[in-house]
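Listed in order, the protein sequences are those of chains V and W.
The numbering used here puts the first residue of the first sequence at 5, with every later residue one more than the last.
The numbering used here puts the first residue of the second sequence at 5, with every later residue one more than the last.
Wrong hints could be hidden among the right ones.
Same chains, same label: a pair holds when it works inside one copy or across any pair of copies.
[What the hints assert, rightly or not] Derived BS3-like pairs: lysine-lysine, alpha-carbon spacing no greater than 25 Å straight-line:
id, residue 1, residue 2
1, K273, K255
2, K7, K255
3, K192, K82
4, K156, K139
5, K202, K321
6, K155, K83
Please keep in mind that the hints were generated in silico from the structure rather than gathered at the bench.
Model, not experiment: these values are computed from the prediction.
Chain by chain, the residues:
Protein chains: 2
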Amino acid sequence: MIKIAVDAMGGDYAPLEIVLGAIRAVRDFGVHVVLVGDKDQIEKILKNENEENNELIEIHHASQVIGMDEHPGLAFRKKKDASISVGAKLVRSGECKVLVAPGSTGAAVTAGLLGIGRIPGIERPAILTPLPNEKGEQTFLIDSGASAQPKKETYLQNALLGYVYAKYVANIENPKIGLLNIGEESVKGSPEVTAANKLLSEQKTIPFMGNVEGRYVMTGEYDVVVTDGFTGNVVLKFGEGAGHLFSALIKESVKKGGLRAKIGGWLLKPALKEHLVKRMDYSEYGGALLLGIRGGLIICHGSSKSWAIRNAIKLAKDVAKTDLHEIIAEALKKIEKNDETEC
Amino acid sequence: MIKIAVDAMGGDYAPLEIVLGAIRAVRDFGVHVVLVGDKDQIEKILKNENEENNELIEIHHASQVIGMDEHPGLAFRKKKDASISVGAKLVRSGECKVLVAPGSTGAAVTAGLLGIGRIPGIERPAILTPLPNEKGEQTFLIDSGASAQPKKETYLQNALLGYVYAKYVANIENPKIGLLNIGEESVKGSPEVTAANKLLSEQKTIPFMGNVEGRYVMTGEYDVVVTDGFTGNVVLKFGEGAGHLFSALIKESVKKGGLRAKIGGWLLKPALKEHLVKRMDYSEYGGALLLGIRGGLIICHGSSKSWAIRNAIKLAKDVAKTDLHEIIAEALKKIEKNDETEC
């Protein structure tokens, strides 16, 4: 049976919320989870929940933890028995198919890169983040922060990673791929992005629709939007900030609009929760994915509570179904030969 | 008396909405405007509005127009009598202090660069765009799209331009300047942005608060957020898209939430218009500014109607009050000497 490793010590609410989330995922999806971290603490939570004898929940002891404020690279090298390193080893050895890692993105990327290892031919792994779109579906932004040094080849690899994910995990038949840029014309943009457009236009292995402006990232016209980790991270976090500003302004409207607005706000609230807040809430999506490594890795927000962890493990189950890294390795060979056959 | 040049032929609704906006601005703020464009068309509109004898409204004939879909550089060189080129010349000659340019951003940047000319020492002009923030004020994003080729020195110049604008036009006593980056630590980011952080930290002429993550651009903690034109443009347009998605989801909540939500939405609507929609609406702000040139230039959205033009002319009046380019030229000298005295 496929096993999912979960770093039980990662994030602001570890280990309690992580373990509770794992229990919910096991109940809801029948997955087999391996909780990596302090055995005593994890056992205690399982006992409290009467889950200590659940055969689908394993504990794998790890004595150390990498904190949110530590330098990821240094900490990873120093703390050989950190829960996230041990979790990565379980994926590398093949015992687990996917690692769910709440907490520091930097630590997760390092664990993926050094602990699990790159797919041969992939220069830098990339983070794929699902965004809500106007069609009620998801648009995948890649790279949203793994590598801040963009080269034209990186964009090509990110496009390939995003394409394979959209097709084989998200089951989109003909994924539409666009390159994030400041104009639609192919000659627009920074020198790297202009060169990337040329490279993407010349290859025949994956379909490419051209440049996407920021305005159209979330309209649903594109399934995958390709960018570098610097731009992707800034955009993603700016979007988070915009969401915060919007909520603040809705609250202000209710507060300052008199009795009429107060009643209106009270009446509208449940619908806004259902149709707006939920769509914007990262905890519904589970997390982002590190792609380009020899196994699955799901990066969860540091403030993830049990519901977010449950959903991340559901996503891990979907990822585990496909041998994504093998498909990626095959696709890489095709793109090198500029092979037109579908990948 | 200070005169403001207005490209009456720019944007989707020219010349009618531009001329109507100018009339409103003259009525509301007592400014003197010079409408640049087709004399016959402009005269006709003024006559219809009974404003043909208004001494504060002048017409300066220009026989050509640069369209939204033309290549800005080529069109500018070819069409010597285009309204935007003639408007730029009026600023260059000193007859007008500021040019208000609705329509293509590319054409406006070209007109500023070639028609008005750079301030000596400024390598590339930059676009400053006001964003709404959570404190109910504005945060200025610079560069939001003038130059897509970032060098570390460009960030320093953008910081200086933003600082001078915030202090002398927006009248913020101690403007807080941050550098848009993917983390708060000074070593984070792309090579160019890391180098820019070092450069900004070492200079003593303008105050620098360090890196800002995307999430905190609109919290109001910073008055000026410095970035390159590629990132700035993508972020700005992504924010526009997020606003669109957000409105769509509010509408969906009202539609799908049953009778309760419909009544709630109807009751809340006026307050949302007043406190949310207005705050997000570019037409309330007037436009973005091209800084680093020897005169004022306000770039308005291509879809600007009379209200947006009226507000852009109001902003132009504020800009015209200060000799911004002279202050910038002085500040440039100070920053070259790493002078600690206030600029």
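Practice task
First find the shortest C-alpha distance between K273 and K255 inside one copy, then the shortest across copies, and answer within, between, both or neither for a cut-off of 25 Å.
Solution key: both (11 Å within a copy, 13 Å between copies)
Problem - Alpha-carbon proximity context of K155 and K83, limit 25 Å - result: neither (32 Å within a copy, 38 Å between copies)
Practice task
Tell me, please, which holds for K7 and K255 at an alpha-carbon limit of 25 Å: within, between, both or neither?
Solution key: neither (44 Å within a copy, 42 Å between copies)
Exercise for the section: Could you place K156 and K139 in one of the four classes (within, between, both, neither) given a Cα distance threshold of 25 Å? Expected result: neither (30 Å within a copy, 40 Å between copies)
Problem - Intra- versus inter-subunit Cα pairing at 25 Å for K202 with K321 - result: Answer is neither: 36 Å inside a copy and 44 Å across each miss the 25 Å cutoff.
Practice task
If the cutoff is 25 Å on CA atoms, where do K192 and K82 land: within, between, both or neither? Let me know, please.
Solution key: Between copies, since 21 Å is at most 25 Å while 45 Å is not.
Checked against the numbered hints given earlier, the structure breaks hints 2, 4, 5 and 6 and satisfies all the rest.
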